[in-house]
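**Q** Could you put the whole structure together from the sequences, leaning on the hints where they help?
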Amino acid sequence: MPALWIANARVIDPASRRDEVGSVFVRDGRIVPALPAAVRKRARKIDARGRVACPGLVDIHVHFREPGQTHKETVATGSRAAAAGGFTTVVCMPNTSPPADNAGTIQFIKDVVARDAAVKVLPTGCITVGQKGQALAPFGSLKRAGIVAITDDGDCVQSNELMRRAAEYAAMFGLPIMDHCQDQSMTRGAVMNEGVMSTRLGLAGWPNAAEDLIVARNIVISRYTGAHIHLQHITSRHAIEMIRLAKADGLRITAEATPHHFALTDEALCGYDTDFKMNPPLRTEEDRRAVVAGLRDGTLDCIATDHAPHTDYEKDREFDFAPNGITGLETALAVSLEVLVRRSRFKLARVVDLMTRRPAGILGLPAGALDPGSAADICIFDPDEQWLYDAGAGFSKSRNSPWDGRTLTGRVKTTIVDGRIVYDSGRIRV
Amino acid sequence: MPWNRKHLLTLEEVSLEEIDQIHTTAAAFKKILGRSVKKVPALRGKTIVNLFLEPSTRTRMAFDMAAKRLSADVISFDAATSSTTKGETLRDTAQNIQALRADMIVIRHAAAGSPLYLSRILDIPVINAGDGAHEHPTQGLLDTFTMKEHLGGLKGRKVVILGDILFSRVARSNIHALTKMGAAVTLVGPSTLVPHWFTALGVTVSHDLKSALADAEVVMLLRIQHERQASSHFPSLGEYTSMFGLNKARAAWLNPKAIIMHPGPINRGVEIDSELADGARSVILEQVTNGIAVRMAVLYLCSGGRLEQAVAGAE
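So the protein lines, in turn, are chains A and B. Just so we're aligned: the first sequence equals residues -2 to 427 in the numbering used here. Just so we're aligned: the second sequence equals residues 2 to 316 in the numbering used here.
Worth flagging that the hints you see were computed from the coordinates, not collected in a lab. Ideal Cβ placement from N, Cα and C applies to all residues, glycine included. Among the hints, erroneous ones may be present.
With the Cβ distance kept under 8 Å, some of the chain B side facing chain A (calculated, not the full set) [stated by the list, open to error]:
(1) L91
(2) A112
(3) A113
(4) G114
(5) G133
(6) A134
(7) H135
(8) E136
(9) R173
(10) P196
(11) A201
(12) L202
**A** Laid out in structure tokens, this is it:
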């Protein structure tokens, strides 16, 4: 593996507060402060003039559908989409078929990852057996098999008692619980945010109160047990206010926001386009602004995509019958730059932080920084390049993206994992 | 003004001029319904498919009748015996119907937005005969047509829609048509079935029956479905009737000349007393008759027919 010399880049490394034009050096798969002259001469030089070099992006919320739903996505295709989006570490959700609720399934996923993955793919395990919300999954053997967190993503644990025990039991292993906050009794049959738009469209509404209730529940349980609970894809302005208060109290609560929830609102549903149908649903402009404000003041800790691929024939249906979810890995950086940096005046380094060090920190992953000695996981992007996103020509197996056919600004040029270039100039290199 | 619309999907998107045009055309066709030979050759040689994927009696019969009065061939597609029960998608069903060389498709579907979805797939006109809780445009057109027959213009007139508004496509289509026509619309019913979101559509929301009915010139009742009891939208049909059922005493709060409407099917004794449903102020059966004329107008205009020709044909 040749040494790498990334030259003339705007190097942004939030962990070291570095934001300057300079070089990043890589040797033997690790970041090094400099290369000896002899090595530097033979190193592969990447001229990154006008581009940003930052830690490889980290996404703690993706669905790679393997095992069991490989018609939608696989570890191979999903991880290539990740590489194309600048991500070097992703955490995949356990709602596979069968669900990842036992060590054997985790081992299967790890074997597939070792064989097929273009970037680092880390598994999570279920909170409950079969994600049925009734009995705890074996966290201990799941942890031994290699999971980084537990979650019933997509199926929020409804029993408060079970969630309390899960939190207590997980804390013993140092495993964060990631919760998809949804009171299901309030969302039966619901397909979009409840409000003026659902009233106009005649679609069954999903109140943000259904999220608020479980966020409140989780804050209560975290306070009582001391457990770390991570709140997935937060969308409700009231939930964000509660999280702000919980953090002020010093509770171990963390939370994420998705690009689609800070970029779009439920007005986008006016044409019943199922590429705007997801769980939780797009909310109102007030909620959207609260998500942006939450990311600005740190109430929301990080950006995560909830990359959720579905095939054309699954999405191409009556709105009520189409599955929830959109892809996000290939567009997350560009959408974040557009909404947060250009429209909401975040510092570029802040957005990089929200997509690297912060998500890695939530799960304690060895990723998201460029300090010497760490794995050379690097993303190089041009913050100003305009490009047409064609989901059909992308790397995900599915193309259910609301940004399909849209011109985006900000493009990933090169993705490096452990010092190897895995994506460069529109091509996967593994 | 020529008619430029190929599909009729919602009343939210049509203009006041288009509503007037449909009403004028419907009035011409209504004359034909009074003749001994109730048929014109306007759509001779055309095939209209009624794709009803949800049960319907009135609407389906009215569309059937309207198409036959225009001399079109009609194929009715029954959800219970169709390929949809074998798992065929709506896209495939619709494309097959188009491949069978149908000239127009009338769709009733439980899922909101399905007619719009079909209109994007197919080259032939798509007419919405009711999509979930979204819209039922021909019902809104026939209701406003009936109101105009009794009241003349609707500008400034007080129209009350009473009942399960939340789940009602009839209410939504009427709201869009009535607000465009300048009527003052009040929605009334239990707060769980008449959420405040509706005010964004330019109507008044009330939960007080007496003040809502005061001086109203039209009251339109909507069917109360007992399934809503199970979903805790209200405690019981009995309680609903005691709070919001229209009876003789409450009808006295209305303007003395007010008309009573209902899109059917009626739950006698629940949302309306029998004697009112059958009484002098009830125009419920006129609505049904007007439903044929209005649907003739919609089928005719959307298949490319011209208003002047329809009017000439009727004279």
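**Q** For every hint, state whether the structure bears it out.
**A** Okay, the hints, checked on the actual structure:
The beta carbon of B:L91 comes within 6 Å of a beta carbon in chain A, closer than 8 Å, and the hint placing it at the interface holds. The closest approach between the C-beta of B:A112 and any C-beta of chain A is roughly 4 Å, which is under the 8 Å cut-off, so the hint is satisfied. Interface restraint check for B:A113: the shortest CB-CB distance to chain A comes to about 4 Å, inside 8 Å, so the restraint holds. Interface restraint check for B:G114: the shortest CB-CB distance to chain A comes to about 3 Å, inside 8 Å, so the restraint holds.
Among the interface hints, the one on B:G133 holds; its C-beta lies about 5 Å from the nearest C-beta in chain A, closer than the 8 Å criterion. Annotation: interface hint on B:A134 holds; nearest CB of chain A at approximately 4 Å, less than 8 Å. Because the closest C-beta pair between B:H135 and chain A is about 3 Å apart, less than 8 Å, the hint holds. Checking B:E136 against chain A by beta carbon gives a least distance of about 7 Å; that is within 8 Å, so the hint holds.
With a cut of 8 Å, the hint placing B:R173 at the interface with chain A holds, because the nearest CB-to-CB distance is about 6 Å. Restraint check, B:P196 versus chain A: the minimum CB separation of about 7 Å is within 8 Å; hint holds. For the restraint placing B:A201 at the interface with chain A, the shortest Cβ-Cβ distance is roughly 4 Å, inside the 8 Å limit, so the hint holds. A least Cβ separation of about 7 Å between B:L202 and chain A falls short of the 8 Å threshold, and the interface hint therefore holds.
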